[in-house]
Amino acid sequence: MARETAVALENVRKTYRIGEPVHALDGVSLAVPRGSYTAIMGPSGSGKSTLMNLVGCLDTPTAGEVVVGGRPVGALGDRERTRLRGTEVGFVFQTFNLMPRLNALENVALPQLFQGIDRAERRERARDLLERVGLGDRADHLPNELSGGQRQRVALARALVNDPAIVLADEPSGNLDTDTEADILDLFDEFHAAGTTMLVVTHERHVADRADRIVHLLDGKIERIEDLEGDDASGSAADPGRGTEPASDADADSETGSPSRHREADSE
Amino acid sequence: MNPLESLRLSWRSIRGHKLRSALTTLGIVIGIAAVIAFVTLGASLQAGIIGDISPDDRRNVYGWAADPDIEGGPLAGAQPVFTPDDLESVAAQPDVAAAYGYATIQTQAISNGNETVAQGNGLIATGPSYIRESRLAEGRQFERGEREAVVNPAAANQFEENVTLGDELTVTILGGERTTLEVVGITDTSEGQSPFEGFESSPRIYVPTDPYYAAQAAGLGIGGGSGGENETGTGDENGTGIGDARFLAIIIEADSAAQSDIDAARESASAYLESDRSDASELLGDDLEVTFRTSTELLQQLQDVLALLRNFIVGIAAISLLVGSIGIANIMLVSVTERTREIGIMKAVGAQNRDVLGLFLTEAVILGVIGAILGTGLGLLGGYLGAQYIDLPLVYPLEYVALAVGVGILVGILAGLYPAWRAARTDPIDALRYE
Ligand SMILES: Nc1ncnc2c1ncn2[C@@H]1O[C@H](COP(=O)(O)OP(=O)(O)O)[C@@H](O)[C@H]1O
Ligand SMILES: [Mg+2]
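Going down the list, the sequences are from chains A and B. By my numbering, the letter at position 218 of the first sequence is numbered 218, and the numbering carries on one by one without gaps. By my numbering, the letter at position 367 of the second sequence is numbered 367, and the numbering carries on one by one without gaps.
The following block holds chain A by itself, in its conformation from the complex (with noise of 0.2 Å):
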């Protein structure tokens, strides 16, 4: 069964003009298949976050073209681009960027308030969410009630309240210790298992080995794009040493159960 694309960049450019010309994409091309697990790699500066921004709706890019559900980024008005960022991506920020004054509740029901969707049924969402995330007891707690690990769940739960076809995460566990990091990278397997297409940012290999590929940016170009989906394709966690870098017992282990609930995913 071939996979749709989520998103597709085809030779895309971000340049940034102040001073000096900055380019911090310089011709990247890169189709991310729907309910793949992406994890994008690179030294600071290399253009990881613009690529987000860009694939985020944020941003649009300076040539060449960001297809997000189908639509071209860069051609799309202010408005259109807006309704596609709250409805086509789920953005998971290193600093989880909460309404401070939002409790946890409301926070992952917000994306669904511009969707001028109903009070009670954004309610509802955003609880089973919270319940999915493992902070069902903490709906009405606020930002700065809750753990690092807690808040960075409340913003994953708020990323997939409106169950879009991307969740991009830029260096989501940049500011969590590794034993939260751990929970939020299990809850990125448990909902990349469940169909979520996901695209993470990282420095951290280990981090960026739960992926089905890496992608390896440097100087704004895409150096290499490292398929860890050999152990997808022999379905066993016994044979790690498929990707160009050899895999951890570590990371193999948490690879195990991913792919296989992947495919069930998938099939659906």
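Heads up, a few of these hints could be off.
Stated by the list, open to error - Which bits of chain B does chain A cover? Going by a derived footprint, with three or more residues having C-beta under 8 Å, they are:
| # | segment |
| --- | --- |
| 1 | 10-20 |
| 2 | 349-357 |
| 3 | 427-435 |
Stated by the list, open to error - Okay, derived cross-link-like pairs now, SDA-like style, lysine to any residue, Cα gap no bigger than 25 Å in a straight line:
| # | chain 1 | residue 1 | chain 2 | residue 2 |
| --- | --- | --- | --- | --- |
| 4 | B | Lys18 | B | Glu338 |
| 5 | B | Lys18 | A | Pro143 |
| 6 | A | Lys221 | A | Pro21 |
| 7 | A | Lys221 | A | Gly74 |
| 8 | B | Lys18 | A | Lys221 |
| 9 | B | Lys18 | A | Asn103 |
| 10 | A | Lys221 | B | Arg433 |
Said to hold, decoys possible - Calculated Cβ distances over 10 Å to all of chain A for the following chain B residues:
| # | residue |
| --- | --- |
| 11 | Glu5 |
| 12 | Leu7 |
| 13 | Pro84 |
| 14 | Asn114 |
| 15 | Thr164 |
| 16 | Thr180 |
| 17 | Ala257 |
In short, the hints are calculated from the structure, not lab data. A quick note: this is a predicted structure, and the numbers were derived from the prediction, not measured. Even for Gly, the Cβ is constructed at its ideal location relative to N, Cα and C.
Go by the hints and put chain B with the ligands onto chain A.
Frame of chain A, contents of chain B with the ligands only:
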């Protein structure tokens, strides 16, 4: 996003900054309260004044001689120029039904039997028809040349034993001379019978000019008693005509209340008084001019003054509103800057520009409306207390209350427009990077 949701979210952020929001609305509260209080007072004052004009004084025209440059109410700048002969001659003029003088006589005390009460400005010397029949609750008008008086209820009731018809009162004139009078009538109101007296309720005793005022002028040289607060002893006329009482004020009656009759009486009287035939003319000179006004006109004049005063105060209040709205705008701008990140988050999760605009505008309008409502409450209370204090019938100009709330909304919108527009235009990427 629907308006109710905007309201909910905006209210949330207002409550998140209670003190700041309270201070912001304060400017609006003060502005609106000032407007409402003064408008209420003004309306009450007008109602109080209008309530005092009786239709039966519409035939009356009130006259005095003053420098035409002096502006003001009845008797402003008036000088005593009218002699009893003038009054008689004016009464004889065509179109004039009656003419009589008006003067207040400074008193010290009034006694009813053994009981004495202190009272200044207690006697009003004038013509019999000054107290119109319809104004009499009991008895009759006094007669010219008799030692008779009509008293008002306030004067009658100031003694332990109320004054009744036929009672004899002893009046101590300023200077100690005593005179007596018999009460022949009691009026139905303690408020002034004409614009000369002012509008407030106070004890008043009405007596004929002859003998009371004539005796005054002749005996004591105090002829300058007049409608209220002027000091005693300004007997300018002493040098000009010994024993010749000069009146500060004159009242003429037209044949009817029709404007044409009023105008005819007024013209006829002025023509005579300003001609060489009158005694007044020798004192009028170049500086003084005789002014004749009906009570409606005087009232209008007073209302104009009131309106001017009110507009002035409303103007000041409007400035305070302006300051209040600048306060709102300022706070909203601070708030937009402070919440840049929140705006970025909202836009990142799909808020349209108009959603953000709506939120901030709603917030400004809520502040404006709260300010307007509190200001209206405070203003009404202020108006109520003021009206109580100066004893006026309370009139709430409801249209102004509606207007105040409207102004609150408008001020909110105007003050919130630019900050909200700035918020709406915030670039989400920049905003999310903002610390
Ligand atoms: N708004 C901007 N204005 C100017 N230059 C920018 C802007 N955003 C990013 N850049 C530049 O683009 C390059 C890529 O940035 P970024 O995508 O944030 O990198 P990364 O997320 O991989 O660290 C960097 O050189 C950065 O300085
Ligand atoms: Mg980055």
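Here is what the structure says about each hint:
1. Interface restraint, the segment 10-20 of chain B with chain A: holds (3 residues with C-beta to C-beta distance below 8 Å; minimum three).
2. Coverage of the segment 349-357 of chain B by chain A holds [criterion: at least 3 residues with CB-CB distance below 8 Å; count 6].
3. Given as covered by chain A, the segment 427-435 of chain B passes the check, having 3 residues with a CB less than 8 Å from a CB of that chain where 3 are the minimum.
4. Only pairs whose Cα atoms come within 25 Å are accepted, and lysine 18/B paired with glutamate 338/B is accepted, the gap being roughly 15 Å.
5. For the given pair, lysine 18/B sits about 20 Å from proline 143/A by alpha-carbon distance, which is consistent with the 25 Å threshold.
6. A threshold of 25 Å between alpha carbons decides the hint, and for lysine 221/A with proline 21/A the separation of about 16 Å falls inside it, so the pair holds.
7. Straight-line distance between C-alpha atoms of lysine 221/A and glycine 74/A comes to about 19 Å, which keeps the hinted pair within the 25 Å bound.
8. Distance restraint check for lysine 18/B and lysine 221/A: the Cα-Cα separation of roughly 50 Å exceeds the 25 Å cut-off, and the hinted pair is therefore not satisfied.
9. The suggested pairing of lysine 18/B with asparagine 103/A holds, with an alpha-carbon distance near 19 Å, which does not exceed 25 Å.
10. Under the criterion of a C-alpha separation no larger than 25 Å, the hint pairing lysine 221/A with arginine 433/B is consistent with the structure, at around 23 Å.
11. A Cβ of chain A approaches the Cβ of glutamate 5/B within 10 Å, the least distance being about 6 Å, so the stated non-interface status is violated.
12. Against chain A, the non-interface label of leucine 7/B holds: every CB pair exceeds 10 Å, the least being about 12 Å.
13. Remark: the non-interface label on proline 84/B is consistent with the geometry, its nearest Cβ contact in chain A lying 84 Å away (cut-off 10 Å).
14. Asparagine 114/B, annotated as away from the interface, keeps every beta carbon of chain A farther than 10 Å; the closest lies near 79 Å.
15. At roughly 76 Å, the least C-beta separation between threonine 164/B and chain A is larger than 10 Å, which holds for a residue marked as non-interface.
16. A cut-off of 10 Å between C-beta atoms confirms that threonine 180/B is not in contact with chain A; the least separation is 83 Å.
17. Distance check for alanine 257/B against chain A: the nearest CB is about 68 Å away, which clears 10 Å, and the non-interface claim stands.
Figure legend: structure checked against the earlier numbered hints; hints not met, in rising order: 8, 11.
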